[in-house]
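Number of protein chains: 2
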Amino acid sequence: MKVITSRNNERIKDVVRLRDRKARTESGLFFIEGIHLAEEYIRHCGFPLEVYFTEKAYNSYRDFFASLPEDILCSVSDSVFEKISTESSPQGVICVCKACSFPQSLPEKGSFLFLESVRDTGNLGTIIRTAVSLGVEGIVLSPDCADIYNPKTLRASMGAVFAADIFMPAEFSAAVTSAKKYGKVYATALYDNSLELGKFKVCKNDSFIIGNEGQGITEEIRSLADNTVIIPMTGKTESLNAAAAAAIIIWEMTRSYNGR
Amino acid sequence: MKVITSRNNERIKDVVRLRDRKARTESGLFFIEGIHLAEEYIRHCGFPLEVYFTEKAYNSYRDFFASLPEDILCSVSDSVFEKISTESSPQGVICVCKACSFPQSLPEKGSFLFLESVRDTGNLGTIIRTAVSLGVEGIVLSPDCADIYNPKTLRASMGAVFAADIFMPAEFSAAVTSAKKYGKVYATALYDNSLELGKFKVCKNDSFIIGNEGQGITEEIRSLADNTVIIPMTGKTESLNAAAAAAIIIWEMTRSYNGR
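One line per chain: the protein sequences are A and B, in this order.
For any residue, its number in our numbering is found by taking its place in the first sequence, counting from 1, and adding 15.
For any residue, its number in our numbering is found by taking its place in the second sequence, counting from 1, and adding 15.
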């Protein structure tokens with residue numbers, strides 16, 4: 016087990032750099048905080064590369080640490096830990112992990128949730144959590160979505176990112192087009208003269224597109240969809256919360272293949 | 016139009032006190048921040064009692080201020096405004112409003128969303144926003160829910176609180192019992208051997224109970240329900256986000272009377 020007590024240690028500086036998307040992309044690494052995310056990561060992806068922890072955390076989670084290989088453990092002082100942490104009340108555990116390379120092309124069949132320009136890390140994480148919870152077959156991200164490996168995305172996803180089938184095609188529009196071979200593609204919209212969700216039958220290989228929180232789906236992508244869809248509302252409010260709207264869409268989308 | 020430039024002004028001190036639930040309850044007043052909430056309040060409840068604003072806000076929203084009676088306007092210095100505001104990037108508009116007295120007893124028929132001990136202000140506001148958006152007939156709060164008039168609840172509700180039919184019975188269990196006269200009452204649960212949402216027919220006057228984020232519904236209230244219900248999930252995640260789970264429940268609940 017290694018021990019680091021200097022805030023100027025080069026390894027610690029490298030971990031702190033992983034707060035930035037650019038450093039994550041260049042190194043192919045990211046970090047996660049807290050016991051729950053660590054356990055979810057290990058459950059789905061195996062051991063992390065390095066685990067940094069405080070003495071207090073070591074004493075609080077003895078079983079967890081006992082289950083890890085000795086050579087990935089690195090005990091750090093509270094002051095060093097604070098330098099890395101992005102949490103307001105940290106649990107004292109940070110794992111450095113290897114990023115996945117997500118496939119570019121979609122499988123030959125299936126129902127997909129396309130996320131175009133979902134820029135809010137909390138929304139992206141929550142949408143992925145809902146999609147994995149309800150059994151979406153594949154989640155397809157446009158290149159300008161928030162970063163999957165941003166600490167806030169990971170936190171909001173509660174680790175669902177590690178269990179998700181995520182695709183990151185370089186050409187988002189081509190991926191949308193390819194999904195049309197297997198079923199209909201619905202673009203969620205905010206305007207009338209769209210189909211009303213819940214009033215038409217969603218079939219097993221149909222896909223849905225969710226757009227940016229403020230701007231919605233771009234005209235380019237919308238024009239590729241077979242139909243636009245709205246969540247029918249009373250008009251007493253202007254809109255739904257983004258995570259709530261996505262949950263309803265995902266629920267209706269997975270209804271078709273979950274036999275509800 | 017009044018002008019206040021002293022942070023020690025007694026009126027300003029009274030407004031600042033409204034940050035606390037106790038002061039809100041005692042005075043029967045609360046405050047809202049931002050143009051959107053102000054517009055929603057006016058749309059549903061009429062003019063507020065007082066409007067505090069900065070010069071910058073006055074110049075940015077001239078039409079809004081022109082539509083208000085002169086005698087409720089109170090121009091304040093930036094320093095005074097900062098003292099009242101709870102926002103990180105305030106728009107410079109705060110309205111002091113009279114709290115509603117929500118009815119204790121439920122109407123003689125209808126479908127209700129019961130919220131037991133929903134303590135997180137953000138969740139409470141988001142759930143109310145979703146319920147109003149989708150057309151829930153009545154929202155029934157247990158006395159230990161977060162405060163409707165907490166600035167964070169109001170912000171998350173995006174003003175839906177003002178459009179909602181809210182009930183606050185002193186005896187929450189008696190209200191649940193009374194709803195059973197008109198239809199079934201379903202308690203949302205996290206354990207198996209419950210009915211699966213989406214696999215049974217929800218009828219027009221059926222009601223649902225959503226419990227505390229961590230503890231769920233108390234045994235006392237659960238025992239009053241006709242059935243427990245779960246949202247069927249893949250098991251790849253531990254749970255859904257509270258606002259996402261509530262959105263799915265509300266969507267299925269309103270499906271019955273919205274003809275979806």
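By construction, these hints were calculated from the structure, which means they are not laboratory data.
Don't take each hint at face value.
It does not matter which identical chain is used: a pair holds within one copy or between any two.
Stated by the list, open to error - The calculated lysine-lysine pairs, modelled on BS3-like cross-linking and capped at a C-alpha distance of 30 Å, are:
| no. | residue 1 | residue 2 |
| --- | --- | --- |
| 1 | Lys71 | Lys195 |
| 2 | Lys214 | Lys28 |
| 3 | Lys71 | Lys124 |
| 4 | Lys196 | Lys251 |
| 5 | Lys216 | Lys199 |
| 6 | Lys124 | Lys196 |
| 7 | Lys17 | Lys71 |
| 8 | Lys113 | Lys195 |
| 9 | Lys199 | Lys124 |
| 10 | Lys195 | Lys251 |
| 11 | Lys37 | Lys214 |
| 12 | Lys98 | Lys199 |
| 13 | Lys113 | Lys17 |
| 14 | Lys124 | Lys98 |
| 15 | Lys17 | Lys199 |
| 16 | Lys124 | Lys195 |
| 17 | Lys113 | Lys196 |
| 18 | Lys251 | Lys219 |
Results for each hint:
1. Lys71 - Lys195: Neither. Shortest intra-copy (53 Å) and inter-copy (50 Å) distances fail the 30 Å Cα cut-off.
2. Lys214 - Lys28: neither (54 Å within a copy, 53 Å between copies)
3. Lys71 - Lys124: Neither way: Lys71 and Lys124 sit 49 Å apart in one copy and 55 Å across, limit 30 Å.
4. Lys196 - Lys251: Cα proximity of Lys196 and Lys251: across copies only (28 Å, versus 39 Å in one copy).
5. Lys216 - Lys199: both (11 Å within a copy, 27 Å between copies)
6. Lys124 - Lys196: This pair counts as within: shortest intra-copy Cα distance 8 Å, inter-copy 48 Å.
7. Lys17 - Lys71: within (16 Å within a copy, 56 Å between copies)
8. Lys113 - Lys195: For Lys113 and Lys195, neither the intra-copy (33 Å) nor the inter-copy (54 Å) Cα distance is at most 30 Å.
9. Lys199 - Lys124: So Lys199 and Lys124 pass the 30 Å test inside one copy only (12 Å; across, 41 Å).
10. Lys195 - Lys251: between (35 Å within a copy, 27 Å between copies)
11. Lys37 - Lys214: neither (44 Å within a copy, 46 Å between copies)
12. Lys98 - Lys199: Neither: 49 Å inside a copy, 54 Å across copies.
13. Lys113 - Lys17: Within one copy only: 20 Å inside, 61 Å across.
14. Lys124 - Lys98: Result: close neither inside a copy nor across copies, 46 Å intra and 58 Å inter.
15. Lys17 - Lys199: Answer is neither: 54 Å inside a copy and 60 Å across each miss the 30 Å cutoff.
16. Lys124 - Lys195: Only inside one copy: Lys124 and Lys195 sit 10 Å apart there, 46 Å across copies, limit 30 Å.
17. Lys113 - Lys196: Neither: 34 Å inside a chain and 57 Å across chains, both beyond 30 Å.
18. Lys251 - Lys219: Between copies only: 20 Å across chains, 33 Å inside a chain, cut-off 30 Å.
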